[in-house]
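Just so you know, the sequences run in chain order A and B.
When the letters of the first sequence are read in order and numbered with our numbering, they come out as residues 11 to 212.
When the letters of the second sequence are read in order and numbered with our numbering, they come out as residues 252 to 448.
Mixed in with the good hints, there may be bad ones.
[As the list claims (entries may be wrong)] Here chain A is said to cover these stretches of chain B; the calculated rule only asks that three of the stretch's residues, wherever they fall, bring their Cβ under 8 Å from a Cβ of chain A:
hint	stretch
1	264-272
2	275-286
3	417-429
[To be verified] One side only, chain A facing chain B, incomplete, derived with CB under 8 Å:
hint	residue
4	Ala29
5	Ala84
6	Cys116
7	Ala190
8	Ile194
9	Arg204
10	Trp205
I should point out that these hints are in silico values taken from the structure, not numbers from a laboratory.
Bear in mind that the values here come from a model prediction, so they are computed numbers and not experimental data.
Virtual Cβ for every residue (Gly too), placed ideally from N, Cα, C.
Here is what each chain is made of, one letter per residue.
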Amino acid sequence: MMKNLFKGILRENPIFVLALGLCPSLAVSTSVNNALGMSAATFIVLLGSNVVISLLRKQIPEDIHIPAYIVIIASFVTLVDIVMQAYFPALSKSLGIFIPLIVVNCIILGRAEAFASKNTVGASAVDAIAMGIGFAVGLISIALVREILGAGTITIFPDGGVIRIPGLVDKPALVFAFPAGALIVVGFLQAFFRWLGEVTNK
Amino acid sequence: MTYIGIIITYVFISNLVLSQFLGLCPFIGVSKNTESAVGMGFAVTFVMSLAALITWALQHFILIPLNIVFLQTVTFILVIATLVQLVEMAVRKYSPPLYQALGIYLPLITTNCGVMGIALISVNKSYGPMESFIAGLSAGAGFLMALLFMSGIRERLDTEKVPKFLQGTPIAFISGGLMALAFMAFDHALLTNLIGG
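Turn these sequences into a full structure, and let the hints steer you where they fit.
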C-alpha cells in the first residue's frame, strides 16, 4: 500500500519517467504558485475520474469506452474550472486555457485506461493519489528551477509569499521563463530523475 | 488581422510546439523517424483545421444562443474525438502502410492538446469562421514543420554518442529547447526585451 502510494514520485513519475502530461507541466511552470494550482486541479480531476470510472467499469460498453471516459473527465474539468473561476480568479486567469486543457492531459486518460478500468475503487483511488503526487512533485521541481533561474524568486502566494534570491532577482536568466529554457530544464531533470532512480535501486 | 498575419503568427511566431507548449507529447513521441513525423503532421493539420471551423460553428450557433457556454469543454472534446475517429477510418482504408507507421498515435490525436488548444484560442480571440479555419490550418502546418525538423535532428542523434542518462527523451527535450531558442528570433519584441536595445 505504502509502496503503491509512493511509486509515482520516483519509479513511475508521470512527467519524468512515463513522459505523460508534458504540455501543462511546461506551460504553467513559470512560477511555483501556478504549479501548485495546476497540481491541485489535476489531482482533483484525476481522483474524481479514476473513482467514477472504476465504479462504472462494468457498466460502460467496451466499444464506446474512450468517449465515455472523456465525458466523465470533461465533467470534472468543467467543475474544477467553474470553482476556480469563482474562488481563485487570479489563479484561473494566469492558468488560462490550460485549465480546460486538463481534459486532454494524457495522465488522466492514461490512468483511466491502464488502471481504473481494470481495478477496484479503492485501488484506483490509491493509484490516482500516487500519480497526483508524482505529477505535483515533477511540476513543482520544474517550476522551482525555472522560477529561481528565470526570475530569481520563489512565489508561494502571489502577495506576501514571495522569496527573493539575492543576486539573481536583479539579473535573472530570462531565457528560463521562455519555452526554450523550459524544454532544456525538463531534459536535464529527466536525466537527473533517471540517475536518481538507478542510484536508489541499488 | 489579415489572413496572412494569422498564417505567419501560427506557423512561426506563436508556433504551437515551440512557443505555446501545445502538442508536446507527439512532438517527443512520434519524432523518431521522418516518415511517421510527416504522416502524423498531416493528420494533425487536417484535424486541427476542421476542428477549429466546427468548434467555431458550435460556439456561435449552439453554445451562445442556448446560453450553455459552460459546456464548452465537453462539447469541444467530443467533436475532436469524433473527427479523429473519422481520420483514423480514412487512413486505415486508403493508406495501410501509413496506418501501420502511425500505430497507436492516431487515436492519441484526441489527447493532442494542440487541437483543443487552437480551438480554444480561436474562440478566445473571437475569430470569424474563415479566420478560425486558417488559424487551425497554419497551426497544423507549424506543428508539421517543428515535427519534421525534430525528426531530422533525432535521426542524426541516433548515430551520435550521447551520455547514458541523457539518451532517448532527455536529449530530445534539450534539442527541442535549442530549436525553440532559434525560433525566438522570429519574435522581435521578445528579443529586444531579452537583450535590451
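Hints and how they fare:
Remark: the stretch 264-272 of chain B is confirmed as covered by chain A, as 4 of its residues place a Cβ nearer than 8 Å to a Cβ of that chain, reaching the required three. Judged by the Cβ-Cβ criterion of 8 Å, the stretch 275-286 of chain B is covered by chain A as claimed, because 4 of its residues qualify and three suffice. A stretch counts as covered by a chain when three or more of its residues have a beta carbon under 8 Å from one of that chain; for the stretch 417-429 of chain B and chain A the count is 10, and the coverage holds. The criterion of a C-beta within 8 Å of any C-beta in chain B is met by Ala29/A, whose closest approach is roughly 6 Å, and the hint holds.
The beta carbon of Ala84/A is positioned within 8 Å of a beta carbon in chain B (closest approach about 4 Å), and the interface hint is therefore held. Hint on Cys116/A holds. Least Cβ distance to chain B is approximately 5 Å, under the 8 Å limit. Taken as an interface hint, Ala190/A checks out: its beta carbon lies about 4 Å from the nearest beta carbon of chain B, inside 8 Å. Hint on Ile194/A holds. Least Cβ distance to chain B is approximately 4 Å, under the 8 Å limit.
Taking 8 Å as the C-beta cut-off, the interface hint given for Arg204/A holds, the closest approach to chain B being about 5 Å. Against a cut-off of 8 Å between C-beta atoms, the interface hint on Trp205/A holds, since the closest Cβ of chain B lies about 5 Å away.
Checked against the numbered hints above, the structure breaks none of them.
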